[in-house]
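S.K.: Which chain is which? The protein sequence lines are A and B, in order. Mapped onto this note's numbering, the consecutive letters of the first sequence carry residue numbers 1 to 111. Mapped onto this note's numbering, the consecutive letters of the second sequence carry residue numbers 1001 to 1113.
Just so you know, these hints were derived from the structure itself, not from any lab. A quick note: this is a predicted structure, and the numbers were derived from the prediction, not measured. Using N, Cα and C, we set each Cβ at its ideal position, and we do this for glycine too. There may be inaccurate statements among the hints.
[Unchecked claim] For each label pair, taking beta carbons as the anchor points, the in silico distance ranges come out as:
| no. | chain 1 | residue 1 | chain 2 | residue 2 | range |
| --- | --- | --- | --- | --- | --- |
| 1 | A | R77 | B | S1069 | 22 to 30 Å |
| 2 | B | I1018 | A | E79 | 43 to 51 Å |
| 3 | B | I1053 | A | I15 | 46 to 54 Å |
| 4 | B | N1027 | A | Q17 | 21 to 29 Å |
| 5 | B | Q1003 | A | E79 | 27 to 35 Å |
| 6 | A | Q22 | B | I1020 | 19 to 27 Å |
| 7 | A | M41 | B | A1041 | 26 to 34 Å |
| 8 | B | E1015 | A | E79 | 43 to 51 Å |
| 9 | A | R77 | B | P1113 | 24 to 32 Å |
| 10 | B | Q1003 | A | K9 | 43 to 51 Å |
| 11 | A | P75 | B | S1095 | 39 to 47 Å |
| 12 | A | K44 | B | S1028 | 17 to 25 Å |
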Amino acid sequence: NAGVTQTPKFRILKIGQSMTLQCTQDMNHNYMYWYRQDPGMGLKLIYYSVGAGITDKGEVPNGYNVSRSTTEDFPLRLELAAPSQTSVYFCASSYSGGGYTFGSGTRLTVV
Amino acid sequence: DQQVKQNSPSLSVQEGRISILNCDYTNSMFDYFLWYKKYPAEGPTFLISISSIKDKNEDGRFTVFLNKSAKHLSLHIVPSQPGDSAVYFCAASASGGYQKVTFGTGTKLQVIP
C-alpha cells in the first residue's frame, strides 16, 4: 500500500501565483486533513473532510480552498500565493477514532 | 492559544538510558492523546496513544503516562536507541464531533551513541 501520497515534494511560487497541492490515499479512510508546519510552531490544521463532498475549515484556512469529490483525493488550492504561505504542508487521513497516516509533505516557498 | 504545549524544544540522551518527553494541555475537553514521531523530510508517524480512562499505556520500549489532574502526559522510551532520534509531537483530541487533533510544537530528541 502506498498510504498517503503528496505531490509535488517541493515547489517555489512567485507572489500572486496559484497552485494545487495533491493528496491521494489508498486506505479507504473517510477522514482527510491538511496541516501546515512552520518552524517551531507545530502542526496547524488548515482544512479537513469527514467524507466525500464534506469539507470544513480548521484553524488557519485563510488563503486556501479544498474539495473532496472522491474518498481518495483531497487537493489543497492556493489561489494567490503570499510569502506567509511559505511552509511545509502535510496531508493526512484516518478512520474515525484512529491515528493519522501522514504523507511525506510538500515544501512550498513563496518568493 | 497553544492548547498543547511541549516546553522542551530539544533533549539529548545517552544510548541505553531513558528518554522522557513531556507535554501539557489546557483544554479539559481533551480525552484522547497521541504521540507522533517525525524524521527529517518525512511525515509524522503514529507512535502510541492513550485514552483518558487510562493512566498508562505501554508498547514495547514506549510508555505513555497520563496525569489528568495535572493535565500532563509524558512519553518514556527505555532503552533509548540512536534510531529514536527524531522530533516527537504530542497531540490531543476531544471525543464527539469530528476528529480534529491539536498538535504540540514538538521536541527534538537526540540519542547519543
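S.K.: Does each hint fit the structure? Answer for all of them.
M.R.: Here is what the structure says about each hint:
Checked against the hint of 22 to 30 Å, the C-beta distance between A/R77 and B/S1069 comes to roughly 44 Å, which is inconsistent with it. Between B/I1018 and A/E79 the CB atoms are about 49 Å apart, so this pair conforms to the stated range of 43 to 51 Å. For B/I1053 paired with A/I15, a C-beta distance near 50 Å keeps the hint of 46 to 54 Å intact. Between B/N1027 and A/Q17, the C-beta spacing of about 37 Å breaks the proposed range 21 to 29 Å.
At roughly 29 Å, the beta carbons of B/Q1003 and A/E79 sit within the given window of 27 to 35 Å. Separated by about 39 Å at the C-beta atoms, A/Q22 and B/I1020 break the suggested range of 19 to 27 Å. Checked against the given bound of 26 to 34 Å, the beta carbons of A/M41 and B/A1041, roughly 18 Å apart, lie outside it. Checked against the hint of 43 to 51 Å, the C-beta distance between B/E1015 and A/E79 comes to roughly 49 Å, which is consistent with it.
A hinted range of 24 to 32 Å for the beta carbons of A/R77 and B/P1113 is inconsistent with their spacing of about 45 Å. At about 30 Å, the CB distance of B/Q1003 to A/K9 disagrees with the hint of 43 to 51 Å. A beta carbon spacing of about 29 Å between A/P75 and B/S1095 contradicts the range 39 to 47 Å that was offered as a hint. Take A/K44 and B/S1028: their Cβ atoms lie about 22 Å apart, and the range 17 to 25 Å holds.
Consistency with the previously given hints fails for numbers 1, 4, 6, 7, 9, 10 and 11, ordered from lowest to highest.
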